[in-house]
Amino acid sequence: MKKSIGRSSFILLCVAPAVILFTVFMILPTINVFRMSLFQRGAYSPGETFVGFDNFIYLINDAQFIRSMQNTILLIVVVTLITFCTALVFAAILTRENVKGQNFFRIVFYIPNILSIVVISGIFSAIYKPENGMLNSIIGLFTNMSNPILWKGEKLVMVSIIIAMVWQAVGYYLVMYMASMSSIPESLYESASLEGASRFTQFFQITIPLIWTNIRTTLTFFIISTINMAFLFVKSMTSGGPNGASEVALGYMYSQKDAGLFGYSMAIGVMIFLFSFALSALVNKVTKRDVLEY
Amino acid sequence: MKKIIAILLVFVMTLSMVACSSTKEQSSETTNATTGESTTAELTESDVTISVAAIETAYGSEGWVKVAEAFTAQTGIKVELTTDKNLEDLIGPAMQGGEFPDVIHLATGRPAGLTEQFIKDNNIADITDVLSMTVPGENGKVSEKIAGGFTDTSLTNPYGDGKTYLAPMFYSPCGLFYNAGLFEEKGWEVPTTWDEMWTLGETAKAEGISLFTYPTAGYFDAFLYSLMYSVGGADFFDAATHYEAGIWDTDEANQIFGIIGKLASYTNPITPAQANNQDFTQNQQLVLDNKALFMPNGTWIVGEMAEAPRADGFKWGMTALPAVSKGEAGYSYSWFEQAWIPAGAENIDAAKAFIAFLYSDVATEIFAQYGAIQPVLGIAEKLEGDNVMFYSIYDNGAKSAMGNFAAYDAIPGVETSSVFFEPVNSLVSGELTVNEWLENIKSVNDQLRENLK
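As they're listed, the protein sequences go chains A and B. The first sequence begins at 1448 in the working numbering and counts up by one. The second sequence begins at 33 in the working numbering and counts up by one.
Quick caveat, the hints were computed from the structure, so don't treat them as lab data. Please read these numbers as outputs of a predicted model, since none were measured by experiment. Glycine is no exception: its CB is placed at the ideal position from the N, C-alpha and C atoms. The hints are all genuine.
Subject to a maximum C-alpha distance of 25 Å in a straight line, what follows is the list of computed DMTMM-like cross-link-like pairs (lysine to aspartate or glutamate): (1) 294(B) with 283(B); (2) 414(B) with 101(B); (3) 1602(A) with 471(B); (4) 1682(A) with 88(B); (5) 294(B) with 221(B); (6) 1602(A) with 463(B); (7) 1602(A) with 468(B); (8) 218(B) with 234(B); (9) 358(B) with 283(B); (10) 485(B) with 270(B); (11) 218(B) with 344(B); (12) 173(B) with 184(B); (13) 1682(A) with 116(B); (14) 1682(A) with 336(B); (15) 431(B) with 416(B); (16) 323(B) with 1578(A); (17) 474(B) with 1509(A); (18) 347(B) with 228(B); (19) 1682(A) with 121(B); (20) 358(B) with 427(B); (21) 347(B) with 1578(A); (22) 485(B) with 1509(A); (23) 237(B) with 1578(A); (24) 431(B) with 418(B); (25) 431(B) with 270(B); (26) 1682(A) with 463(B); (27) 485(B) with 1501(A); (28) 485(B) with 1495(A).
With beta-carbon atoms standing in for the labels, derived distance ranges: (29) 1560(A) with 126(B): 25 to 35 Å; (30) 1584(A) with 343(B): 13 to 23 Å; (31) 1573(A) with 143(B): 17 to 27 Å; (32) 1587(A) with 234(B): 24 to 34 Å.
Excised from the complex, chain B in its bound form (with noise of 0.2 Å):
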C-alpha cells in the first residue's frame, strides 16, 4: 500500500514539474504574440522559418509586423518576429546557451552593447554579398538602393577590411536641437560659428537662459564625432577614432577640449543630476520651457517629447554643429541602426534574402509611415512634418559626420563611453578639469590601440 502511495506522489511530483515547464513554453508563446508578431502563417509553401528580432524604439513595432508579413507573402519564407524595447533581456539569454535569431536590428551605442559584443567576438556573419543581390520583388540591386556612404563607415564594416557586416537602417540626423519660436521671439539669428555661439550664450544669460543642456552623457556622442570633424576634417577622425598614438597632444584635441570645456560653462547646472535614464527627459523639457537654449539629439525628439508641455510659441528648430571658423560647414552627425546576421545563425541565406528585402519600396515605405526613414535613395519624398526640415540638414549646407570608435578586444575596466562621453558631467558639475579629462584620454588611448581589432 505504502509502495503504491510513494509512487503515486512520485507521480504528482513529477507531473507537476511538467506541467510547470509546459507553462513557461506557453507564457513565451504568448509573449511573442503579444508583443505584436507572430508570422506562423500556414499558407506558404516554404518550410524555412527565419526568426527576426527588432528592438521597439520611438517608431513602435507595427512597421516591423507589416514588413515581415510583405516578406513572407513575397518569398514564401515564414518570419517569427520579436520586437521588444529591451530587447537585449529577452533575446540574451536564449543566446547565451546557443540559440541566435537569424536577423538582428539594434542600434550601437546602447547601454547592453549587444551588437558591440558581437563585433568584439567576430560573431557577426559577412553580408557583403547582401550588397550586390537582387531585392526581392524588384530588378535593382541592394547597393543600388542605398544612399551613398553608407555601407563604407565604420558603423557597418567594423573591422576595416573592406567587407560589410552591419546593414544601415533607420537614420536620424542628430544636431543641436532649439526652441526656433523663441529664436524669432528675440530675434536671434542661430549661431553657425563658435564665436557667435559664445556671443549667443552671453545675451541668454543676460535673460536667465542657459546656452546648453544634454539628455544623457550618452548623447555627447554624435557631438563629439561632429566636433571632431568639424575642427579636424576627416583625417582628425579616422585618427582619433582609430586611437592613434599621440592624438590627444595635437592642437586640433586641445582646440575640441577648448570648446567642450567653454560649452561646459555654460551649461544649465542641473543637467548632471538629471542625465540618467529615469530623469534625462527633465533636461529635455529645459528646452520646452526656454531653461536652456541647445541640446544635442536626434529626429526621434519630437516624438519622444510630444505629450510634453511647452513655452508658449514653441517650434522645434534643428541646426548642425556650428563651424569653427567663418565660411566653414558645420557638421551634423548621421545616426543609424543597423540589422545584422549572427555568424550562429541558422538560416544565414534566408536572412540575407530578408535583409536585402528591408531596402524594397514595399519596405521603406511600410517603414516612413511610422516615421522610421532608411539611408535609401529618394525617401526625401517620402517625409512628412518636421522630418522635411530635420532630413534637409545636408541640403542646407551642413556636412555629414559618420562613423564611431573602432571595435577593439574587451578591455576590463576600459570602455570608449565611460572615457570618452561620462566624464562630461564631472566637467559640468565641476568635479573634473578640462586637463584632467584629457589627461584620462591620453592614458586609456595606448591601452585601446594596443587592443585594436
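Excised from the complex, chain A in its bound form (with noise of 0.2 Å):
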C-alpha cells in the first residue's frame, strides 16, 4: 500500500510540471479567447465592457468576414485536394517504380517544406512579377502577350497564394504518405500482379486502403495547417490585398486587433476554432473505416 501511494506520487511529480504548463499555456488562454469575445476592448484598454454575444451577432453581418471567411474555405478545399493528389501520385510513383535518382526527387520536393515562409513569398513574388516575371516571361515565349498577366491582381490573387501554399506543402506529405506506402509488403503487390492487376487496380485496390489511417491523420493535418499557413502566405506575399480580395480568416482577426476591437477579433477566433473543429470532426467521421491489417 506505502508503496502504490509512493509510486503514485512520484508519477503525479513527474508529471505535474508538463500538466502544469500544459495548463497554463494552452487551456487558460484558449478559456480567455472565449472570455474575451463577450468583451469590448481594445488590446491596450485599461477597462474593458461585457456585450454578451454583440460581437457575434455583428460578426454574421460583417460582409468581410464573411469574405474572409470564403477565402480560407476555398484555400482548404483546393489546397487539400490538389496537395492530396499531387502528393499521393508522386509518392506512389517514387516508392512503387523504379525511378534513377529517387533520393534526389524526395530532397527536391521536401525542400520548400524547410524554407520559411518570408523567402518562399519573396521567391513567388519573382515568379509573379508582372513584367520580367518568372512566370509571365515564360507563356510569354509562347503567345503573344499585349498585357502582362497580373498575378497578384484582384482576379487572380487566389489561384496565385493557392500555387504556392501546393508547392509547400507537397513535400511534406509526399514523405509522409512514402513512409507509409513503403511499409506495405512487396508480396502483396507481386501476388495482384499475378493475377493481372493493373498498376492503378493496384494503386486503388491496394495502396489505399492499406495506408488510409494516414491518409486520416493527413486530413487533419491538412485543415489546420492550411488555416494557419494561409495567414502566413497572405501576409507576406499580399497583406490581405489589393482591396481586401486575398484576405483569410486569420488575417482578419489579426487586422480587428490592430483596428482597437480585441474583443471582436477574439469573437472571429472563437469561429475559426469552432469551425476547424467541426470540420476536423466531419472528416474524421467521414472517412472512418474498418482499419485493414497486413
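Using the supplied hints, reconstruct the complex from the two chains, each of which is provided in its own coordinate frame.
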C-alpha cells in the first residue's frame, strides 16, 4: 500500500510540470479567448465592457468577415485536394516504380517545406512579377501577350496563393505517404500482378486502403495547417490585398485587433476555433473505415 | 531511495524551468542591447529611469541613441531605449500585460495602428503643459520652438478639445515625386492644374509612359487629404474628416472623385498587383524606370530607393498636388510622426521632460544629421542635399495640408483605410466604379459620425 502511494506520488510529480505548463499556456489562454469574445475592449484598454453575444451578431453581418471565411474555405478545399492528389501520386511513383535518383526527387520535393514563408513569398514575388517575372516570361514565349498577366491582381490573387501553398506543402505529405507506402509488404503487389491487376488497380485496391489510417491523419493536418499557413502566406505575399481580395479569416482577426477591436477579433478567433474543430470532426467521421491489417 | 530519486528529479525539473526563464530574461536584454540603445549609465545621481520606445524608420536608430545620451547628460534622468522596425510587435505584449513605455514615438497610419488604438481608448496622457515647459538646457519654451500650425491639428489634438496629446516629430512634405531629368529631356512642364495634368497624360501615353502610379493604397491618405484641401479648402476638409452628414453628396465630393476616377484611368495597370508590402518598391521602380511619371510619396523615398537602378539622367523632383483651376495654389500634405506618453506610464513627469528635450537645439541637430527633420523654427538652415529642394516646397507657393480623419470609437468591420484608401486598387483594376465607391463611403459615413469621439 505504502509502496503504491509512493509510486503514485512519484508519477504525479513527474507529470505535474507538463500538466501545469499545458494548463497555463494552452488551456487557460483558450478559455480566455472565449471569455474575451464576450467583451468590448482594445488590446491595450485599461477597462472592458461586457457585451454578451454582440460581437458574434456583428460578425454574422460583417461582409468582410464572410469574404475572409470564403477565402479560407476555398484554400482549405482546393489546397487540400491538389496537395493530397499530387503528393499521393508522386509518393506512389517514387516508392513503387524504379525511378532513377529517387532520393534526389524526395529532397527536391521536401526543400520548399524547410524554407521560411518569408523566403517563399520572396521567391514567388519574383515568379509572379508582372514585368520580367518568371511566369509571364515563360508564357510570353508561347503567346503574344499585349498586357502582362497580373498574378497578384484582384482576379488571380487567390490562384497565385494556392499555387504557392501547394508548392510548399507537397513535399511534407509526400514524405509522410512514402513512409507508410514503403511499409506495405511487396508480396501483396506481387500476387496482385500475378493475377493481372494493373498498376492503377494496385494503387486503388492495395495502396490506398492500406495507408488509409495515414491518409485520415493527414486530412486533419491539412485542415489545421491550411488555416494557419494561409495567414502566413497572405500576410507575407499580399497583405490581404488588393482591396481585401485575398484576406483570410486569421488575417482578418489580426487586422481587427489592430483596429482596436480586441474583443471582436477574439470572437473571430472563437469562430475559427469552432469551425476547424467541427470540420476536423466531420472529416474524421466521414473517412472512418475498418482498419486493414497486413 | 526511490523517494530521494523522486525529490532529485523534481529538483532537476524545477531547476530547468528556472533556467529557461532566466535565459528568456537574458535574451530580452540582449535584444535591447543589439537594437542599440542601452543607457543604463551609472554615472548620474538621479534614480529615475524612463523607457523610451521609438520606431526605427529610414532615418535609422543612431539618432535616438545619441539624443537619449544627451538627455541623460543634461538632466541626469536615465533612458532605457528600445528601437525596432516592428516596434509594435516588440512592445505590444508587455503593454497588454500593463507595462507601458514612458514615451512612444510612432506614426499614425501604420498597419498595426498602435497610436490609433490608444487614441480610441483615451489612453494617452495630456501633454499640453509640455508646450509651456522650458526646453531642458535652454531658456526658451517648447511652444516657441515648434513651427506654427503643428500643434493644433487633429493629429496632435485628436479629440478637438484644445488639449495636445501627441507631440509632432519628424515631418516630411508629401507630394508627387517624378523624374525631373525626364521632364528636362522631353521639354515637358510640370503640371500646375489638373487640366494640364490630363494633357500631359495624353502626351506621355503616346510615348508609352503611364501618367501615374502609387506604392500602396495606403499612400493615398496624403494624396486624398491634399486633394480635399485643393478642391474644397479647409472647410470641406474639416467637414469631410469629421464625417458631416451629406458631405459626400456635395459638388466638391463629386469633383474629388471625378479627378480620382480619371487619374485611375491614367494609372499604370500593373500597379494594384504590386501594391502590397512585399512588392511596393516595384511600383516605385516604375518611376525610376520611366514607366510612370508621378507617384504620391514622401521625402524618405530618396533613401528608400537609394540602391535601386534607374534610368539615365534620373533626378528626383517633387511637386505639390496640382490646383483645381489656374491661378490657385497646389497643396502638399505635411506628414509627421508623433511622440506621446501612454496614460499608464510610470514616470510621466520625466517623460514630459524628455519630450521637451526633443525640441532642443542639441536634439534637433542630431536628428537632422540622420535626415530626420522636426517641425522646429530655423530647421531650414540644417537641411542638406535633396532635402533643401523638398522642404522648400511651401516657400515655392504650395499650401500646406495637415490633419487626418477624426478619431472614432472602433466599429467592427469599418476602418477609414478600407473605406477611403484601399478601394483605389479595385478602381484601377476596373473591379469597382467611382460611383460604387462613393456610395459605399456614404453608407459608412453615418456610422463613423455616430461613433465620433
